[in-house]
Amino acid sequence: MKKLFICCLFMVVSQYGLLTAQVKFSGMTQSSIYTWENFDEAQLIDYYQHINARVSLESYRDLYVKTYFRFGRTGDPAEWNERVYNAYLNFLSPCRKWDARLGRQFVYSGVMNGTVDGIMLNMRPIKHLLVKLLAGMEAPVDRALELTPWSDGNVLGAFAGYKVVEAFNFAASYVQKTRSDDIYWQLAGASFSGNVFNNLYYQAQYEHNLKTSQYQAMRYRLNYFLAKWNIFAEYNSQRPRIYEDSFFQIFEQTAFNQIRSGVGYQAGNYNVGLHDVYTMYEKDESTNQIHATISSSYGMIGLLYQSGYGGDNTGIYGSVRYDVLKNLTVYVRSSYYQYERQTTAISEDATAVSGGVTYKLSASLQVKAEIQERINTYYDNDVRGLFRIRYAFNN
Amino acid sequence: MKRVFVITLVTFICVGLYLFAGAGDSEKYELIFSHQLHVVNNEVECASCHGTAESSQAGTDNLLPDMESCGACHDVEDDENCGMCHSDIEEPLEVVRIEDYSQKFSHQLHIKSEFECSSCHSGIEKKVTPSAPVSLPAMSDCMNCHSGKSASVECAACHLPEDNLKPTSHTINFAHAHSDLAKSGTDAMASGMACADCHRQDFCQDCHEGENLDETTHPLNYEFIHALDAQGKEKDCSACHQDRQFCNACHSDYQVYPHNHQQPGWAVSGGGGLHKTEAQNDLESCISCHEQNAEETCQPCHQQ
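Top line first, the protein sequences correspond to chains A and B. Counting along the first sequence from 1, when you hit position 242 you're at 242 in this note's numbering, and nothing is skipped either side. Counting along the second sequence from 1, when you hit position 257 you're at 257 in this note's numbering, and nothing is skipped either side.
This is chain A alone, in the form it adopts within the complex:
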């Protein structure tokens, strides 16, 4: 499989001149060098090569191949490895009533979520109705270029979403994951959402675990947008996700309940936000986190305060970016956190600063250099470096 993929890639690249006459070839390549120190203070250098490509016929663009992957020499000790994020063939029907995608793809529809090696059909039989059908194998967790055998992990799923009116959308979905002929993960979900009065957006989402006959997660959310203001509130409840063969399956799976609320205001080019996350646990414990930010296109500053069962944390962070020249941007990011994990009664702090420059040599070629430094309980001075070249072609 891996050899086949590399051969195909080589053929495409070597025949580039010939192919470009009839083929539309677009995408991006990105080379990154990342230097860091291990615990023994030995300097290590990681190399990453990302490639993003889309290939279609000039005369027939409804059929295209798309891939996004990277290979690199990383780790300690450094080893060559690859991650294939997506690699698929996509076909759009002439009237756009349906399309099909075959290969590795990132799926996010209702309770179907994750990277799958398989086929996805998207159908629009009537206006405002979207139906999706999915069948495939779970992609390897490390996104290696290999296929999981069907019996070791397959996924079947379906999604239907219907926009009744602007103010009312409904979606239902189902997913099951099977291993060794046993369904080990089975969820059904429903969601309602819509835009009311052009200002109020509501969303209700419910996920039911058919294996445990309990709800897995539910979220109810309201966002209110009025001129330069936005206000939101959310109730969120979720149970832990436990592997099907885990010993921990014997325990009762209790949910945490959470209320999130906040307000934002756009003052000219500045966004101001205040956010509160209050989490309640089974045994009368709770955590509260307050988060405040001011941001603009030139940077941002944020304050964080957390207390309770989840631990205590006080932090400040920010970033500044400035266009020195039309093509040259400098930026600096920094953060400081003083934190105490639950039950330790030991206060620790962590400081970080990073800065860099990006230079656009042309509309398609960009170079970036960045220095990162961390100071914390374990490192007095951990300096890292990133150098990156990004080239976009035929975009």
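These are calculated hints, taken from the structure and not from any lab test. Heads up, some of the hints might be wrong.
Cross-link-like lysine to any residue pairs, in silico, SDA-like; alpha carbons within 25 Å at most [stated by the list, open to error]:
1) A:K326 to A:F393
2) A:K97 to B:M143
3) B:K235 to A:A255
4) B:K235 to A:R239
5) B:K166 to B:H178
6) A:K177 to A:L156
7) B:K276 to A:N257
8) B:K166 to A:Q266
9) B:K166 to B:M143
10) A:K127 to A:W98
11) A:K228 to B:A194
12) B:K166 to A:I294
Every value quoted in this text rests on a predicted model; they were computed, and no experiment measured them.
Guided by the hints, dock chain B onto chain A, whose structure is given.
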């Protein structure tokens, strides 16, 4: 818990029924004006009232007609006729002007390219009131042409460098809320924008599956403070970190062990001790390390 769920569900059903009853379009302006009456019934050209559109080169230009323009057909000097256009003749209000549309947008350029008004302002001819929503095109409408084929897809084609491009939907909670929005299939939230208007799917994967070399997904030092996000449930770690060895790889290699395990009464036979409460509150934190060695550490007391 069940009661909270039922109350919330009933609330949503009531809101839905209210909307179905057509009560949603209640925001009204003081002005009485029907595009349908003018454009459809009397075949008035758009340019008759919005004559300055043809030469307008900035989205901030005021292209709404003033009362003088209405005077071309209506006798605006006749005090007896005020009520024809104003619902409150004692205190008539000016229609809200559009001042914050994209500075770089040129009506002139689009009209010269032979676009009809209805290409971007579809449906406005059927409006019988000047009530919200104002019929400005959403960015997804622009993207129908600005796809890189017939018109540029670059941000700078329509936006100035100093423009604040962050959509209003991207609130401070958006990092948490965006997945539900993306997964709901409804795409648009505020301003009629869809995720794909600005982001390609690779953008999702860079965060969800990428290397985080430039610290965009998690900030520097996150390995030291992540425990507070994990136990505080601010982030859902398992949304991305699905490898069951993921937590243990660092915790075991670097011997990062929880301090609370040394507390007196952490694990006692009979009632269980302190660890029982911890597990009931946050079983995921136990799993993050003991998934690998539950047979040795948990099973001797917890018989399956």
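Hints, one by one, checked against the model:
1. A:K326 to A:F393: holds (21 Å)
2. A:K97 to B:M143: holds (20 Å)
3. B:K235 to A:A255: This hinted pair holds, its Cα atoms lying about 15 Å apart.
4. B:K235 to A:R239: Roughly 14 Å separates the two Cα atoms, so the pair holds.
5. B:K166 to B:H178: Satisfied, since the Cα-Cα distance of roughly 14 Å is no more than 25 Å.
6. A:K177 to A:L156: holds (7 Å)
7. B:K276 to A:N257: Answer holds: K276 (chain B) to N257 (chain A) is near 19 Å, not above 25 Å.
8. B:K166 to A:Q266: Holds. K166 (chain B) to Q266 (chain A) sits at ~10 Å (cutoff 25 Å).
9. B:K166 to B:M143: Between K166 (chain B) and M143 (chain B) the Cα gap is close to 17 Å, so the pair holds against 25 Å.
10. A:K127 to A:W98: Holds, at roughly 12 Å.
11. A:K228 to B:A194: holds (20 Å)
12. B:K166 to A:I294: Holds - the C-alpha atoms of I294 (chain A) and K166 (chain B) are around 13 Å apart, at most 25 Å.
When the structure is compared with the earlier hints, no violation turns up for any of them.
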